[in-house]
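Using the sequences provided together with the hints, build the complete structure.
For the protein sequence lines, the chains are A and B, in the order given.
So in the working numbering, spot 322 of the first sequence is number 322, and the numbers just go up one at a time.
So in the working numbering, spot 326 of the second sequence is number 326, and the numbers just go up one at a time.
Wrong hints could be hidden among the right ones.
SDA-like, lysine to any residue: derived pairs with alpha carbons at most 25 Å apart [unchecked claim]:
no.	chain 1	residue 1	chain 2	residue 2
1	B	Lys-278	A	Cys-31
2	B	Lys-215	A	Lys-55
3	A	Lys-55	B	Asp-351
4	B	Lys-32	A	Tyr-47
5	A	Lys-211	A	Phe-261
6	B	Lys-211	B	Ala-330
7	A	Lys-32	B	Leu-229
8	B	Lys-32	A	Leu-17
9	B	Lys-218	A	Ser-38
10	A	Lys-55	B	Ser-23
11	A	Lys-32	A	Lys-55
12	B	Lys-215	B	Val-15
13	B	Lys-453	A	Pro-34
14	B	Lys-55	A	Asp-58
15	A	Lys-55	B	Asp-26
Derived coverage of chain B by chain A (criterion: at least 3 residues anywhere in the stretch with Cβ under 8 Å from a Cβ of chain A; other residues may be distant) [unchecked claim]:
no.	segment
16	39-52
17	212-226
Calculated directly from the structure, the hints in this document are not laboratory data.
Cβ atoms here follow ideal geometry from the backbone N, Cα and C, with glycine treated the same way.
2 protein chains.
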Amino acid sequence: MSAAFENLCAHTREVALLSSIESLLDWDARCKLPQQGSAYRTEQQAYVARLLHDKQTDPRIGEWLDSVQGTDLTADPQSDSATVIREAQRNYDKQTKLPAELVEALTRATNDGQHAWVEARRADDFSQFLPYLETVYSLKREQADAIGYDECRYDALLDDYEPGEKTSTVREALEALRQDLVPLLEAIQGSGRVPDRSILTRDYPVEYQEKFGTKAAKKIGFEFDRGRLDVTHHPFCTEAGPDDCRITTRYDSNFFNMAFFGILHEAGHGIYDQGLRKSHYGLGPGHYLSLGIHESQSRMWENQVGRGKPFWDYWYGQAQQEFSSLSGVALDDFYFAINHVEPSLIRVEADELTYNLHIIIRFELEQALINEEIVPADLPEAWNAKYQQYLGIQPPSDADGVMQDVHWSAGLVGYFPTYSLGNLYAAQFYQQADKELGGLDELFRRGEFLELKHWTREKIHQRGRNVTPAELVLEVTEEPLTHTHLMNHLKSKLEPLYGI
Amino acid sequence: MSAAFENLCAHTREVALLSSIESLLDWDARCKLPQQGSAYRTEQQAYVARLLHDKQTDPRIGEWLDSVQGTDLTADPQSDSATVIREAQRNYDKQTKLPAELVEALTRATNDGQHAWVEARRADDFSQFLPYLETVYSLKREQADAIGYDECRYDALLDDYEPGEKTSTVREALEALRQDLVPLLEAIQGSGRVPDRSILTRDYPVEYQEKFGTKAAKKIGFEFDRGRLDVTHHPFCTEAGPDDCRITTRYDSNFFNMAFFGILHEAGHGIYDQGLRKSHYGLGPGHYLSLGIHESQSRMWENQVGRGKPFWDYWYGQAQQEFSSLSGVALDDFYFAINHVEPSLIRVEADELTYNLHIIIRFELEQALINEEIVPADLPEAWNAKYQQYLGIQPPSDADGVMQDVHWSAGLVGYFPTYSLGNLYAAQFYQQADKELGGLDELFRRGEFLELKHWTREKIHQRGRNVTPAELVLEVTEEPLTHTHLMNHLKSKLEPLYGI
Numbered sequence: 001m002s003a004a005f006e007n008l009c010a011h012t013r014e015v016a017l018l019s020s021i022e023s024l025l026d027w028d029a030r031c032k033l034p035q036q037g038s039a040y041r042t043e044q045q046a047y048v049a050r051l052l053h054d055k056q057t058d059p060r061i062g063e064w065l066d067s068v069q070g071t072d073l074t075a076d077p078q079s080d081s082a083t084v085i086r087e088a089q090r091n092y093d094k095q096t097k098l099p100a101e102l103v104e105a106l107t108r109a110t111n112d113g114q115h116a117w118v119e120a121r122r123a124d125d126f127s128q129f130l131p132y133l134e135t136v137y138s139l140k141r142e143q144a145d146a147i148g149y150d151e152c153r154y155d156a157l158l159d160d161y162e163p164g165e166k167t168s169t170v171r172e173a174l175e176a177l178r179q180d181l182v183p184l185l186e187a188i189q190g191s192g193r194v195p196d197r198s199i200l201t202r203d204y205p206v207e208y209q210e211k212f213g214t215k216a217a218k219k220i221g222f223e224f225d226r227g228r229l230d231v232t233h234h235p236f237c238t239e240a241g242p243d244d245c246r247i248t249t250r251y252d253s254n255f256f257n258m259a260f261f262g263i264l265h266e267a268g269h270g271i272y273d274q275g276l277r278k279s280h281y282g283l284g285p286g287h288y289l290s291l292g293i294h295e296s297q298s299r300m301w302e303n304q305v306g307r308g309k310p311f312w313d314y315w316y317g318q319a320q321q322e323f324s325s326l327s328g329v330a331l332d333d334f335y336f337a338i339n340h341v342e343p344s345l346i347r348v349e350a351d352e353l354t355y356n357l358h359i360i361i362r363f364e365l366e367q368a369l370i371n372e373e374i375v376p377a378d379l380p381e382a383w384n385a386k387y388q389q390y391l392g393i394q395p396p397s398d399a400d401g402v403m404q405d406v407h408w409s410a411g412l413v414g415y416f417p418t419y420s421l422g423n424l425y426a427a428q429f430y431q432q433a434d435k436e437l438g439g440l441d442e443l444f445r446r447g448e449f450l451e452l453k454h455w456t457r458e459k460i461h462q463r464g465r466n467v468t469p470a471e472l473v474l475e476v477t478e479e480p481l482t483h484t485h486l487m488n489h490l491k492s493k494l495e496p497l498y499g500i
Numbered sequence: 001m002s003a004a005f006e007n008l009c010a011h012t013r014e015v016a017l018l019s020s021i022e023s024l025l026d027w028d029a030r031c032k033l034p035q036q037g038s039a040y041r042t043e044q045q046a047y048v049a050r051l052l053h054d055k056q057t058d059p060r061i062g063e064w065l066d067s068v069q070g071t072d073l074t075a076d077p078q079s080d081s082a083t084v085i086r087e088a089q090r091n092y093d094k095q096t097k098l099p100a101e102l103v104e105a106l107t108r109a110t111n112d113g114q115h116a117w118v119e120a121r122r123a124d125d126f127s128q129f130l131p132y133l134e135t136v137y138s139l140k141r142e143q144a145d146a147i148g149y150d151e152c153r154y155d156a157l158l159d160d161y162e163p164g165e166k167t168s169t170v171r172e173a174l175e176a177l178r179q180d181l182v183p184l185l186e187a188i189q190g191s192g193r194v195p196d197r198s199i200l201t202r203d204y205p206v207e208y209q210e211k212f213g214t215k216a217a218k219k220i221g222f223e224f225d226r227g228r229l230d231v232t233h234h235p236f237c238t239e240a241g242p243d244d245c246r247i248t249t250r251y252d253s254n255f256f257n258m259a260f261f262g263i264l265h266e267a268g269h270g271i272y273d274q275g276l277r278k279s280h281y282g283l284g285p286g287h288y289l290s291l292g293i294h295e296s297q298s299r300m301w302e303n304q305v306g307r308g309k310p311f312w313d314y315w316y317g318q319a320q321q322e323f324s325s326l327s328g329v330a331l332d333d334f335y336f337a338i339n340h341v342e343p344s345l346i347r348v349e350a351d352e353l354t355y356n357l358h359i360i361i362r363f364e365l366e367q368a369l370i371n372e373e374i375v376p377a378d379l380p381e382a383w384n385a386k387y388q389q390y391l392g393i394q395p396p397s398d399a400d401g402v403m404q405d406v407h408w409s410a411g412l413v414g415y416f417p418t419y420s421l422g423n424l425y426a427a428q429f430y431q432q433a434d435k436e437l438g439g440l441d442e443l444f445r446r447g448e449f450l451e452l453k454h455w456t457r458e459k460i461h462q463r464g465r466n467v468t469p470a471e472l473v474l475e476v477t478e479e480p481l482t483h484t485h486l487m488n489h490l491k492s493k494l495e496p497l498y499g500i
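Okay, structure coming up:
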């Protein structure tokens, strides 16, 4: 191994170490920090961010990269060494290609944007938010142009979250998905069947929810000696080290779904992080592949597994013992209730089917904005029109319409499609695992969930960034990204429930 | 103000910022870190420690100090500017006077020493620990010699914890204390009276202990919007920022005292930290004065206030409502039980009186070791002899005798006396506050505790390091350090209880 390569690895690991400290400061700020402590915490975080930025833009990285690119180390693109180098190059380019003034302007615009978004949403006044949104989008276009792209400007932004993925591929898959989802949704709405959702909004004491959720997370393979579960307003999963994965949830004592499926979801993210190669922590081969692939792991445990009948064949008796609200409720009624589909206003509260339509709306709108086919001022009208068209509903206010998400105010453009990509990947991986493991239903009915965890670890987690998302999907499932498996999954579950 | 002074302040604040991050990493490691996360946490902590060391030994500090020493800024030693400079000089000297090899050797010896201590204590085998202890003490002597001292070698070590304090002063006060404590203890043991201690070891559900302890901490003035309370095995108080003070405790569901008086104790530390001048966070004027003064604040709330009759005149009814174990127990019986005095083996479990004898034994032994009047191999015998002489008991094993504390293995020599200094200062400050505030008993019976908190904030906390501990005691109480107030406090409480 060359000295340059060793230096590059050591330096990258140092960046990861600093970055893990940044993660801990952030986790603590969201979970534990006393109210008055936030001002100084901001100083601490800014300080570490400066240290990180200095490390990440160290010109020696460029020199090391120059002497390892095009050598034996990069000959096999899927090798660990090539992956380390490719990732280091990618990060160095992202850090150094943007002019310092643009980075500063983006930081300011997204900080201001988030504050303005909070206020404008509270006041239900889009016009208050508009100038901030215009600035953010204008800077995001500059960013895309500075980074560069082959096919379209949106590619440069999508690449931040889905390395190597193309807008055209994603658009094709999501467009096909939309065309199949809308008629399925119409059929469901026309079925006349509605489950008794009140089952889920009875008394569910937080203490028992925590106990039951923790038990389920442990059973599906989240390792609590390498992680923990805490309470936050906005649930998330973060890593503060290779053996320190922290997931969070929130509890509503009068709603079963939020915490339970939230815990399964975050535990899915956590199982991915815990499944990465520890030997390569901080380097490309030990890094999660993309947000879409990350989301596939959370969605799979939440939806394919956690909302499935075999899962509840195993757990329902225990749930009934834990929650008196479920005594006398038949499993079939519970199962129907947790799988109810109905168009609704808010993305984060949407069901497994309509969730994707919420995403597709945002994906279409942000492409139009980046391509300057529409301007931010057009957004409320465009938003409401698409909600009418795809979901058949009209937001009563911009606060619960176009202003419901923080993402755009924070400069997260290109992020939304990764949620639905996660759903597509999840279904595609799941059907393959089902084939290879000889039928998951039977395993789940017996409470055996670790086979699936181990399969994903070997096939997905341990591949790190040695492949692209597209390569991984092909490698694991022997076909490219497709919407058919998600549609099969939804149809085979929902058609019998709704008698369609 | 000179540019050098401004640079010095900015640099010192940067050190404080990094140091606050170090504190958070440490707090998290002790309270929240998943079991397997400790290896990487050690790397994170070592990394921040290296950054800190680089900052603290930056040669520019020496240049800035050279250009501000002896100027108007240092003319009044109690001014903020002189205090900033004195503290910066003190820290710079401590960081730069020790040869790098000695610092490294100390780090290694105390790391190894702590591991060896854990093992040797578990095996109850002092001989296993002995070589490590010899190394630590030999290096501590080297350290003292490298730092330098006027009167005796121990001064150089004591100064780490009690800046500017002299061994001779401490020895005189603690020797006088010992001479008065031993006969008082004998009188108590000869009284034939013993409270019913079983009152305190009944059922005390952890949940209610936490609720009641939190309520009491809040009431005496610990600010929960600038701090928090968590659970650890070894309780402590730490600061991760000017508005982020974190205290911890541990609960035993069959013992009332441990958590409740532990919380009062740590809240006392926390109230000190929260009372420091935020405008000077990280600088001498915003720094706690010494460990002894810090301890005086915790001991005052724990003992002078928390074990006093007026405190319980106010709280006892609420305690009875919270804990069914106390229903039917007369306040007088409870009050006697929480103030019971009895020689015992373990320092951290000792009562308010005998605690000081535990400390005096350690203080005498560590001076003898530093002065080479005895060698580490003599310790078990010397320890047991002093326990017999002062407390009339014999440790049944070295594990619960000479090896009961972590301090020496960790190189903390000169630390022990600060605990008893805290008791002396606490009593001396308390009697002064009582005079100035016109009788604290009456305030406490009404549940008014904030007057005392505000008095200590103004007189003690806000003085930072602008004075020495000796100057502070004189300034606040108009007399030098004395053991008479602690003796008065103990006698006036214990003589009536024991009828002596």
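Which of the numbered hints are not met once you compare them with the structure shown? 2, 3, 11 and 12
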